[in-house]
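Go ahead and model the full structure; you've got the sequences and the hints to work with.
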Amino acid sequence: MKTELTINGRSRAIDVEPRMTLLDALRDAAGLKGTHAGCEHGVCGACTVIVDGDAVRSCLMFAVQCDGMEITTIEGVAADPGELDVVQDSFCETHGLQCGYCTPGMVLAAKALLAVEKDPSDEQIRDAISGNICRCTGYGQIVEAIRLAAKRLRESNTAAMEAGE
Amino acid sequence: MSGPAKLFQGKYVSTDRRVREDPRFVAGHGRFVQDIDRPGMLHVALVAAQAPAARIVKIDPSAALAMEGVVDVIDGAELSAAVNPLMNGLDTPKVQRFPLAVGQNRYAGEWVAAVVAETRALAEDAAEKVRVETEKLGFVIDAEQALEEGATPVHPEHGSNLLLDRTFDWGPVDEDFARSDDSLKLRVTWGRNSTVPIETFGVICEWNAWEKVLDVWASIQMPKYADQIARALKLHGNEVRVHYDVDVGGSYGVKRGIKQTVLAGYLARKLGRPVRLIEDRLENMRSGDAHGPERIFDIEVAFDRDGTVNAMRMRALDNAGAYAGRAPFQLGKPIGAIVGPYRINSVQYRAMSVTTNKAVQEAVRGFGQAPTNYAIETMMDRVADHLGIDRLDLRQKNLIRPDEFPYEIPSGSKYDSGDYQAVIAKVLEQGDYDGMRAERDRLRAEGMCAGIGVAACLEPSGGNSSFEPLLNPANRTSTWMEGSRVNIDALGDVTVAIHTTSSGQGHETLAATVVGEVLGVDPDRVRVVRPDSLGSLPGNSPVGSRMAIMLGGAAANAARDIIRQAIAIGAHLMDADPGDCSYDSGTVIGPGGAEIAWTEIVDVAHRRFHDLPKGTNPGLTASFIQQVPTGETLPKDGKAQMYPCYSFEFHLVLVAFAPVLAKPELRRYVIGHDCGTVINPHIVKGMTLGGIAHGIGATLLEEFAYDGEGQLMTQSFLDYLMPSSHEVPEVQIVKHCTPSPLTEFGQKGSGESGYLGSPAAISGAIHDALKPWGIHLNKLPIRMAAISDAIAAAEEKGHP
Numbered sequence: 003m004k005t006e007l008t009i010n011g012r013s014r015a016i017d018v019e020p021r022m023t024l025l026d027a028l029r030d031a032a033g034l035k036g037t038h039a040g041c042e043h044g045v046c047g048a049c050t051v052i053v054d055g056d057a058v059r060s061c062l063m064f065a066v067q068c069d070g071m072e073i074t075t076i077e078g079v080a081a082d083p084g085e086l087d088v089v090q091d092s093f094c095e096t097h098g099l100q101c102g103y104c105t106p107g108m109v110l111a112a113k114a115l116l117a118v119e120k121d122p123s124d125e126q127i128r129d130a131i132s133g134n135i136c137r138c139t140g141y142g143q144i145v146e147a148i149r150l151a152a153k154r155l156r157e158s159n160t161a162a163m164e165a166g167e
Numbered sequence: 021m022s023g024p025a026k027l028f029q030g031k032y033v034s035t036d037r038r039v040r041e042d043p044r045f046v047a048g049h050g051r052f053v054q055d056i057d058r059p060g061m062l063h064v065a066l067v068a069a070q071a072p073a074a075r076i077v078k079i080d081p082s083a084a085l086a087m088e089g090v091v092d093v094i095d096g097a098e099l100s101a102a103v104n105p106l107m108n109g110l111d112t113p114k115v116q117r118f119p120l121a122v123g124q125n126r127y128a129g130e131w132v133a134a135v136v137a138e139t140r141a142l143a144e145d146a147a148e149k150v151r152v153e154t155e156k157l158g159f160v161i162d163a164e165q166a167l168e169e170g171a172t173p174v175h176p177e178h179g180s181n182l183l184l185d186r187t188f189d190w191g192p193v194d195e196d197f198a199r200s201d202d203s204l205k206l207r208v209t210w211g212r213n214s215t216v217p218i219e220t221f222g223v224i225c226e227w228n229a230w231e232k233v234l235d236v237w238a239s240i241q242m243p244k245y246a247d248q249i250a251r252a253l254k255l256h257g258n259e260v261r262v263h264y265d266v267d268v269g270g271s272y273g274v275k276r277g278i279k280q281t282v283l284a285g286y287l288a289r290k291l292g293r294p295v296r297l298i299e300d301r302l303e304n305m306r307s308g309d310a311h312g313p314e315r316i317f318d319i320e321v322a323f324d325r326d327g328t329v330n331a332m333r334m335r336a337l338d339n340a341g342a343y344a345g346r347a348p349f350q351l352g353k354p355i356g357a358i359v360g361p362y363r364i365n366s367v368q369y370r371a372m373s374v375t376t377n378k379a380v381q382e383a384v385r386g387f388g389q390a391p392t393n394y395a396i397e398t399m400m401d402r403v404a405d406h407l408g409i410d411r412l413d414l415r416q417k418n419l420i421r422p423d424e425f426p427y428e429i430p431s432g433s434k435y436d437s438g439d440y441q442a443v444i445a446k447v448l449e450q451g452d453y454d455g456m457r458a459e460r461d462r463l464r465a466e467g468m469c470a471g472i473g474v475a476a477c478l479e480p481s482g483g484n485s486s487f488e489p490l491l492n493p494a495n496r497t498s499t500w501m502e503g504s505r506v507n508i509d510a511l512g513d514v515t516v517a518i519h520t521t522s523s524g525q526g527h528e529t530l531a532a533t534v535v536g537e538v539l540g541v542d543p544d545r546v547r548v549v550r551p552d553s554l555g556s557l558p559g560n561s562p563v564g565s566r567m568a569i570m571l572g573g574a575a576a577n578a579a580r581d582i583i584r585q586a587i588a589i590g591a592h593l594m595d596a597d598p599g600d601c602s603y604d605s606g607t608v609i610g611p612g613g614a615e616i617a618w619t620e621i622v623d624v625a626h627r628r629f630h631d632l633p634k635g636t637n638p639g640l641t642a643s644f645i646q647q648v649p650t651g652e653t654l655p656k657d658g659k660a661q662m663y664p665c666y667s668f669e670f671h672l673v674l675v676a677f678a679p680v681l682a683k684p685e686l687r688r689y690v691i692g693h694d695c696g697t698v699i700n701p702h703i704v705k706g707m708t709l710g711g712i713a714h715g716i717g718a719t720l721l722e723e724f725a726y727d728g729e730g731q732l733m734t735q736s737f738l739d740y741l742m743p744s745s746h747e748v749p750e751v752q753i754v755k756h757c758t759p760s761p762l763t764e765f766g767q768k769g770s771g772e773s774g775y776l777g778s779p780a781a782i783s784g785a786i787h788d789a790l791k792p793w794g795i796h797l798n799k800l801p802i803r804m805a806a807i808s809d810a811i812a813a814a815e816e817k818g819h820p
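So the protein lines, in turn, are chains A and B.
The C-terminal residue of the first sequence carries number 167 in this note's numbering, and the numbering is unbroken.
The C-terminal residue of the second sequence carries number 820 in this note's numbering, and the numbering is unbroken.
By construction, these hints were calculated from the structure, which means they are not laboratory data.
We treat Cβ as the ideally placed atom computed from N, Cα and C, and that holds for glycine.
Keep in mind that a hint or two might mislead.
Across the chosen pairs, the derived CB separations fall in these ranges [what the hints assert, rightly or not]:
1) H626(B) / D30(A): 27 to 35 angstroms
2) E125(A) / L738(B): 21 to 29 angstroms
3) G123(B) / G70(A): 48 to 56 angstroms
Among chain B residues calculated to face chain A with C-beta under 10 angstroms, some are [what the hints assert, rightly or not]:
4) F52
5) R58
6) P217
7) H256
8) S271
9) K705
10) D727
11) M733
12) S736
13) E816
And the structure:
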């Protein structure tokens, strides 16, 4: 079945079986391997991507359901190869990861939170990532990373406003 | 070595540096096995047994083979005729294991056939069309029932379900019991759980018929993996090439995928195409053979009225599941810390492992130490309760003192160093124990159940494999080495090679940091590479909290050899005695202060043979293979030096819950942690916090629960519950450093930290909260329903 997805700002026409999940389509049809399969039944959150602004589980959506929608995967977060965005860099600063498998989903869940909440409480941060299971970190350094990213984003916005931008 | 080791002051070691692996992962550019595409690759799906035990009468693949895109279907009969049985740790030759069931299956979910197709989806479709005709057999699920006279044997050829039954007597146990004022008995059970990485196990095998080599990419953490593949597939050792540059999406011990690899390897050779086997979650949970220990402890402990614990008898009965594998050794490792941090004079330890019709047990974080620590610490709580002594006072009374190291415990292992009293004192102070007690009492006054738990325990680290010869006299293993290589290229830049995969432990950061430290080079300028297994030095993978000690030691010693070579070259150029020269960050300094620059040393080594000292090879390269410190002898008289280094941790937890709903909430969590010199603080912190999260899961949530029909009830993440960011509290870490005298920088291991003490501490806190009812919940996990049911039952009887 032909379907058109807008992935990381680029429109792609792909031909997939109707039963193919968005997760499999991203990985196998679009070749974007940063989105990971964890449980494939909607619990672990490793496959999280952003669809039309919301963090969703790509294992629970069919690719054809996303026809015409805007999808952001982890590959769409960094500005350029080797250049991390603020959230990604904050995860590196606090070592908010170990094996890196759940990390793309965590980063995207964090970005979805920070898009709507500039100054999240710890409770809001924990709530935002509570659908993403991490078996390595015990979440402590992930919470620290998101706290730090929020602070940096606030400061850079303040600085930008003060500069009259 | 005498006297305590000095604190290490480094330029890079222990400093707050970023972890070099992190950027590729936050960008989604890790290279996991699922991300690797090989041209012409085929995909495997598995056909699973339905009953816990059944004779396989006939497997009919015709309907599956008739489907478009299906390439092959194989069963255990075909496979077992072509490959050797998988490695068996114990000397139990009749307990044979193959990747697919042969003749009969021995647990529900066991793989009986494999379907190979052009895509995974087609393979799954076809797997449903494979007809398996079976006759049900008797089965046994419970470890104690498996031991009974007349119990159904899981392996009839073996004759019984007993895999291992060894009793060790260390010291005058009977005499110590006789002379003690008092004794008590207890039984605690560690439930069957596992670390359940978010990435399932996966492997790709590809046979190159022109080179005669099997290429393997896998999400693996398995010692001697390539050797085991070669043995099972009847290949020469140098016909297997494992690619170590594959990122592993979590393991914590369990990613041992040998059966999966042998299956994929066989198929790749047979079909002449690359074959990929990636477990889906169901395959992983019920038949990935990655469940952890399931252990019943029966303990008898003898003590005096003043709280001195004199002797312990412990029987550990472990449910190994359907095949032997390496799992029974998990009863052996805890022998190296069988008395915990305490001066217990004598111990009798009976280690029993039995087969049942459950999935196969595999190594899990701590290799049996976490269950044992839970048992020891629960015992200490019970003794304190029995005597009416404060739990902390009882522990203090029995702790090994700082001036007693190195301290040999009854089982023959020497603890290298420690200052347990200092760590505990720091935790009580920095964690505000008094405030915590006030908070507990305030909660109780409000009608909540509230309790404080404590646990003190050890993390043996350095990972030798002494439990192998101790439990299996036919096994003569006395080394568990690790190699590393440092190369200086013609531009003078540094590259260090590590020879294993990693699953989040930060080995690239570790190797770069220690080599940078020794050579005086910024670790960010050090390149780290992972040659494949054929280009690698011998090693034993990151098991047993060993890499800081073993890879750290190997890389540091290789770097030291580079310095030795540089000094020899510099001294020759200055016409000086190498003994009168020194090295500082690349520069060789002569007796009168003359200096030879790094560029000059490199130029001589790489281009000017005529300027090299006589008998010196050109190039600047060094390899070092590190033997495990203390690993000098085989076990003798039932005693062994287990791991060389012993990290210490002390947990202090406040738990609260409402008496009716009884969902335990961790209100405060403080851990004191001493793993000697820390190489990278971020990594050690993460390990500890992650270990505590695993401990929370093991204590409150996670269990591979089987029903009476032998079916696994917790096969998905909807049933097998893992801690989320809501269940894991913010944890306060209190640091302490007692360096090890046995290692390069004084480092010890930390890969299992947190996990080794949190179950005892959380369980202890729940028991403190339940004190008014006098309830004991002696089996993990302690689910909220178990607590509320126990309270309701006690209240019906009129308690409190």
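Problem - Non-conforming hints, listed in increasing numerical order - result: Numbers 1, 5, 7, 10, 11, 13 - these are the hints that the structure violates, sorted from lowest upward.
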